[in-house]
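Chains as they are written, first to last, in the UniProt record's numbering: chain A, 1 to 79; chain B, 1 to 700.
Keep in mind the hints are simulated off the structure, nothing from the lab.
Yeah, the Cβ is synthetic: ideal placement off N, Cα and C, and Gly gets one too.
Be a bit skeptical, because a hint or two may be false.
As the list claims (entries may be wrong) - For the chain B half of the interface with chain A, some residues (derived, Cβ under 8 Å), not all of them:
no., residue
1, Tyr63
2, Phe484
3, Ile486
4, Glu487
5, Gln697
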Amino acid sequence: MKRTLADLKRGERGIIKEFSEENIPLKLLEMGCLPGNEVEMLQMAPFRDPMYLNINGSHLAIRREIALLIEIDLISLHG
Amino acid sequence: MAKQINVALIGNPNTGKTSVFNQLTGLNQKVGNYPGITVEKKEGICKLPRGLKAHILDLPGTYSLNASSLDENVVIELLLNKSDKDYPDVAVVVSDVENLKRNLLLFTQIKDLGIPTILVINMADRMERKGISLDVDLLEERLNTKVVLVSARKNTGIDELKEAIINYRHISDEPCVNASVIAPEYFDRLRKAFPKQSLYKLWLVITQDVNFGNINRKEITNSDHFDTKSHTELKKLQHKETILRYQFINGVLKETMKVDASSAKDLRSRLDRILTHKVWGYTIFFGILLLIFQAIYSWSSYPMDLIDETFAFLSEWTKTTLPAGAFTNLIAEGIIPGLGGIVIFIPQIAFLFFFISILEETGYMSRVVFLMDRIMRKFGLSGKSVVPLVSGTACAIPAVMATRNIESWKERLITILVVPFTTCSARLPVYLIIIALVIPDRAVWGFNLQGLTLMLLYLLGFGVAIGSAWILNLILNIKNRSHFVIEMPNYKLPMGKNIAINVVEKTKSFVFGAGKIILAISIILWVLASYGPGDNFNNASEIVSEQYDEQSNITEDELDEEIASFKLKNSYIGIMGRGIEPVVAPLGYDWKIGIAIISSFAAREVFVGTLATIYSVGSDEEETIKNRMAAEINPILGGPLFTFASGVSLLLFYAFAMQCMSTLAIVKKETNTWKWPVLQLVVMTLFAYFVALAAFQLLK
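Please work from the sequences and hints to get the whole structure.
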């Protein structure tokens with residue numbers, strides 16, 4: 001199953017996979033959202049939108065519509 | 001005299017760039033606008049050792065040279081235009097030690113432009129606590145520039161920075177990343193076509209949608225020497241460039257920075273768990289809004305009363321001290337109250353910006369955006385629009401100014417346009433007197449009807465504000481390139497100096513920006529109300545005295561009131577009020593209300609005072625005016641003038657009409673054009689007119 005940033009639960013972490021670049025704002029890349037970097041879901045506003053993430057040490061809030069575009073590999077909590 | 005060194009201060013938002021600016025320039029700074037746009041331009045003079053001086057330009061915060069907002073355009077436009085008088089001799093990039101990696105992205109871009117670039121690493125005082133150690137010498141070598149550790153808060157490293165600015169000529173202007181490796185062939189062709197230009201500059205001109213002084217984008221893209229790339233291809237290359245820069249930065253930091261991860265879990269996550277919580281987050285936010293509201297609504301009434309009394313005293317004093325005449329009247333009744341009408345707003349503005357500065361400085365404002373984004377987004381507003389909308393309930397002037405920190409121009413403009421619908425405190429005197437007049441004072445299901453009506457009016461104002469935001473969002477065709485990516489900065493204690501400077505700056509910009517317009521309009525309104533054509537106005541006292549000749553039971557004071565009333569009726573404003581009677585009659589008003597509506601354009605609360613003068617009751621006591629109003633007869637329909645129908649009509653008119661010149665003045669100042677305030681005036685007045693018309697016709 002395709003897993004994206006939007007699937008992360010609070011406290012879960014993942015690694016950003018290669019993404020199809022077109023719809024992702026350049027600004028997000030510049031803030032450190034690059035393939036291979038680690039992401040942690042910190043908080044979610046009601047209705048899971050927006051989402052508050054720690055991406056590679058940058059603390060960012062992004063909307064769910066963008067989070068849905070970014071595929072990740074989940075890092076298992078106990079592994 | 002030695003030439004001033006031109007310094008551009010550049011950096012990501014939340015790096016403490018403004019604190020560094022404040023430390024360098026102190027109060028030696030001025031805030032203006034970039035020509036033609038609404039972006040704030042902050043500049044100042046910094047005294048350097050050995051009698052030298054530097055001109056410091058504090059550029060808007062940006063994450064990179066790939067601009068996505070008006071603010072960011074300013075940065076790139078300046079840095080690509082060598083003939084600009086502000087073009088920097090040396091750039092100072094301010095970074096935050098905790099976010100060094102991300103901050104260095106911008107640094108590498110600036111350095112690649114061939115400008116000598118000093119790297120300031122701010123908040124150095126936090127390094128130890130965060131377990132960060134830096135090899136500054138090696139970092140200087142790898143980045144090929146001067147690195148200065150600074151703590152703007154502790155005021156350390158500033159002297160070293162000044163020294164580095166003086167010696168800017170010794171700083172290398174060699175680029176640190178060769179961006180052309182992302183597409184060697186493409187850049188090769190570019191180099192051949194424009195051998196004299198810097199490649200990175202050309203690249204920026206091609207990819208950025210901004211105006212450049214001396215380089216023409218069309219000239220490049222239309223050149224035969226290479227094929228233009230499609231938008232998608234260019235974007236892919238920009239992504240590649242970003243990855244390339246991060247590879248360089250990761251390499252550098254690996255050698256020079258060590259972070260001890262075992263340092264205690266920080267305050268941030270604990271605070272965030274509460275402040276962005278689904279329940280507590282909102283509870284705390286509304287508590288803070290309540291506090292702000294209390295401050296501008298209630299606490300500021302004390303200094304406002306004092307200002308009111310002071311200007312009334314000054315006016316009286318001028319009248320009794322200067323020789324009587326037209327000139328004295330102009331000063332005492334036109335200019336002094338006009339100035340008072342500007343100064344009266346200062347307490348509210350100062351209070352609001354005191355709180356907003358604290359919210360911004362501590363990093364809390366980003367959490368507000370996080371909490372409110374989803375709700376406000378639906379109406380085309382920003383999460384940050386909540387603060388202006390709520391403070392608009394006290395006064396629209398500071399609220400319009402408070403929209404400045406909304407990054408997206410479209411969201412900011414919509415907020416500015418709808419804020420005047422919220423029920424400001426100046427409407428309250430009008431509401432209170434009309435409600436007392438036409439709404440029965442009894443309880444239904446335990447609720448007082450008059451209180452309920454007042455609450456309904458507040459809700460109505462807020463509802464119409466939100467509703468019109470929704471409509472404006474649909475019809476305003478403004479390109480909105482900024483994406484919602486909000487940095488959540490670390491929590492910090494606010495710095496007193498920054499807050500003080502911010503409050504002073506905002507107050508100054510109101511007094512000297514909008515103040516001129518307010519003074520001009522209030523003098524015009526005063527002239528219209530104090531002068532009139534023909535014998536009726538000029539011989540007012542004789543005419544009125546004659547009428548009362550036989551009745552000897554009239555006192556001196558009553559006679560004076562009658563004369564004042566007669567004069568106002570025959571003044572220019574009185575003639576205008578009578579002139580618009582046919583227009584306002586379908587709303588259930590007579591010419592006296594017409595006069596009050598025109599003169600209350602100065603400020604809504606003037607309505608009550610004007611009616612007091614027209615009815616010659618000679619006192620601002622609400623009870624007296626109310627009784628006099630209740631006795632008024634409708635000239636066309638007969639019966640009492642103030643019925644339920646005409647009362648509701650008047651309430652609705654004041655709820656929606658743009659009856660406030662000061663708001664128009666500040667909107668003109670903040671949007672830098674008359675287009676929006678004029679639109680506001682016309683649309684709101686028409687809307688108010690037709691709603692009031694419908695109400696009266698349906699209810700009568």
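### Task
Please flag the earlier hints that this structure goes against, numbers listed from lowest up.
Those not satisfied come down to hint 5.
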